[in-house]
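Those sequence lines, one after another, are chains A and B.
Be aware that the first sequence starts at -14, since it is given in the numbering used here, and climbs by one per residue.
Be aware that the second sequence starts at 138, since it is given in the numbering used here, and climbs by one per residue.
Bear in mind the hints are in silico, worked out from the structure with no lab data behind them.
A portion of the hints provided could be inaccurate.
[Claimed, not checked] Once the Cα atoms are required to be at most 30 Å apart in a straight line, the calculated BS3-like pairs of lysine-lysine come out as: (1) B:K270 <-> B:K229; (2) A:K230 <-> B:K200; (3) A:K81 <-> B:K257; (4) B:K215 <-> B:K200; (5) B:K215 <-> A:K141; (6) B:K175 <-> B:K277; (7) A:K255 <-> A:K167; (8) B:K270 <-> A:K81; (9) B:K257 <-> B:K270; (10) A:K242 <-> A:K16; (11) B:K257 <-> B:K215; (12) A:K230 <-> A:K242; (13) A:K167 <-> A:K143; (14) B:K270 <-> B:K215; (15) A:K230 <-> A:K255; (16) B:K277 <-> A:K141; (17) B:K285 <-> A:K141; (18) A:K213 <-> A:K144; (19) A:K220 <-> A:K22; (20) A:K213 <-> A:K141; (21) A:K226 <-> B:K277; (22) A:K231 <-> A:K220; (23) B:K215 <-> B:K229; (24) B:K257 <-> A:K255; (25) A:K143 <-> A:K16; (26) A:K141 <-> B:K229; (27) A:K213 <-> A:K143; (28) B:K257 <-> B:K229; (29) A:K242 <-> B:K277; (30) A:K167 <-> A:K22.
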Amino acid sequence: MPLLTPNERRKILPRTPLMFSRLVVAGIPIKDLLRKKVLIAGAGGLGVLVAEMLARSGVGSIYIIDRDNVREENFNRLGFTRDDVGRPKAIALATKLVNLRNSVEVPQEYHIHVRGFHTDLIGWPQLENLVADSDIIFSCLDNEEARRELNYLIMKYKKPFIDGATSIDSLSGTIITVIPCKTPCYECYYGSGTSIRLNNVERIGYCDASLATTMAIIAALQVDQGLKILLNFGKIYPLIKVYLKKEISISPIENVKIREDCPVHRRFCK
Amino acid sequence: MSFDDLLEELEALELLLRSSREKKKRLEHRLLEIYTFKNTASPIDVDWRRRAEEEERAFSVFKRTKYGDLLPHFLSLKASNQNPQYFYVIYKGNQIEPAIIKLPRLYPELPPNSIVSINKSIEVYTSHTDSSKCLGNLVKGRWSESGKMGIPHWLLFVEVYLVLTRHPIKIRKT
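Here chain A stands alone, though its shape is the one from the complex (with noise of 0.2 Å):
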């Protein structure tokens, strides 16, 4: 399913509601984007920009889980208004989506099917059915337990992930891409036997920083891996490295190994 020819998207244009006439332009198949389904956990500073965009992209079916209810201090960040305070994250976002995309000019086989969990993903029986129904899932999350959670589970039904992280001063981030058994998981890059410990960096006060910029930045280059994973085009990287400190360097890195001993990949992969 790569792009769509010049003259495929000749053909298209005149049939394609006006919302995603640019998006044939730029030869997106988007009847095929339509039956895609996808699972965003967290729908915070990166999970409402990756939702929006895969929204606007075309994309067919969206899941969101996240535990938390939009406060004042998410307003640094884009998605949310005043008018969301108060309300389940994952709800005011899905309502957000549905609203963006599906009205009665818009044809009902280009609307948006969202649902949206209030809840805590770790332990929640329903998160095993959902991976197992999406096409890709994207971690937008801010805890290292939940994002090794997931990867347990994508492994196990061998979805494709992309977990997108800001580092706790928010001038850098990473992008971690995972073809199940093809690339390394999240557990290869943090899990137990390596050296690396989230957990080991200092901390001011509580709350880690956040800038819209660089959530922005990050958001964009996940759906961008994801768009290319769903329509089979361009190139995948397994780990990008996104430095705004001073110099502005995004880092896509190829050479990077599965971990010998990764317990979860000893499991999954024969």
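For this one, chain A is given, so just place chain B on it according to the hints.
What follows is chain B alone, placed relative to chain A:
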């Protein structure tokens, strides 16, 4: 054990929790002295039932240690029959109410995720962006990844957290 004795005991633990790596080792040793888990199975393992039973046994050991009642806010611990990632605990705050402890699939390498009671009079997570609910650095780096620590050890961290949030303790600098 009187409340003052408990505070003193928890204060000593808190000092160890906040101190250097060498002292962290001492803390791990001290916690494992109370109880060391033999079965290190995860909720995803076939052997989980035995580990779950050991959790219940260890809890009662914690309630009978030489220090007296180290877990005054928690009265009983029971594994869920339906969901291997759930444990039920009776929480005694201003009132007595049941609470659920949720475990990650990679427990006991990773610590328990959360404890939330029915009326939310206790809602504490190992990691959370809301600092009023987050154990954070109290647990991270102090949890033994070997699987030898279990829910009662984690509840002890929760006890320290509860005391710190409700009765702030002045930390000695020595």
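Practice problem: Take a quick look at whether B:K277 and A:K141 sit within 30 Å of each other, Cα to Cα. | Solution: The given pair, whose Cα atoms are some 27 Å apart, holds under the 30 Å limit.
Quiz item: Given the hinted pair A:K230 and A:K255, is their alpha-carbon gap at most 30 Å?
Solution: violated, 41 Å
Practice problem: Below or equal to 30 Å on CA atoms is what counts here, so check A:K231 against A:K220. | Solution: Holds. A:K231 to A:K220 sits at ~27 Å (cutoff 30 Å).
Quiz prompt | Distance restraint between A:K226 and B:K277, which requires alpha-carbon spacing of 30 Å or less | solution = Between A:K226 and B:K277 the Cα gap is close to 25 Å, so the pair holds against 30 Å.
Exercise. Quickly compare the C-alpha distance for A:K230 and A:K242 to 30 Å and report which way the hint goes.
Key: holds, 28 Å
Quiz item: Under the criterion that the straight-line Cα-Cα distance not exceed 30 Å, is the pair A:K230, B:K200 satisfied?
Solution: The hint is violated at about 50 Å.
Quiz item: Within 30 Å, alpha carbon to alpha carbon, are A:K220 and A:K22?
Solution: holds, 21 Å
Quiz item: Are A:K167 and A:K143 close enough, with their CA atoms no more than 30 Å apart?
Solution: Given that 30 Å is the threshold and the Cα spacing comes to 10 Å, the pair holds.
Quiz item: When you check the alpha-carbon spacing of A:K141 and B:K229, does it fall within 30 Å?
Solution: violated, 39 Å
Practice problem: Decide if the proposed pair is consistent with the structure: B:K215 and B:K200, CA atoms, cutoff 30 Å inclusive. | Solution: holds, 14 Å
Practice problem: Take the C-alpha atoms of B:K257 and B:K270, compute the straight-line distance between them, and say whether it is at most 30 Å. | Solution: Satisfied, since the Cα-Cα distance of roughly 11 Å is no more than 30 Å.
Quiz item: Within a Cα-Cα threshold of 30 Å, do A:K81 and B:K257 meet the stated pairing?
Solution: holds, 29 Å
Hints 2, 10, 15, 24 and 26 from the earlier list are contradicted by this structure; the remaining hints agree with it.
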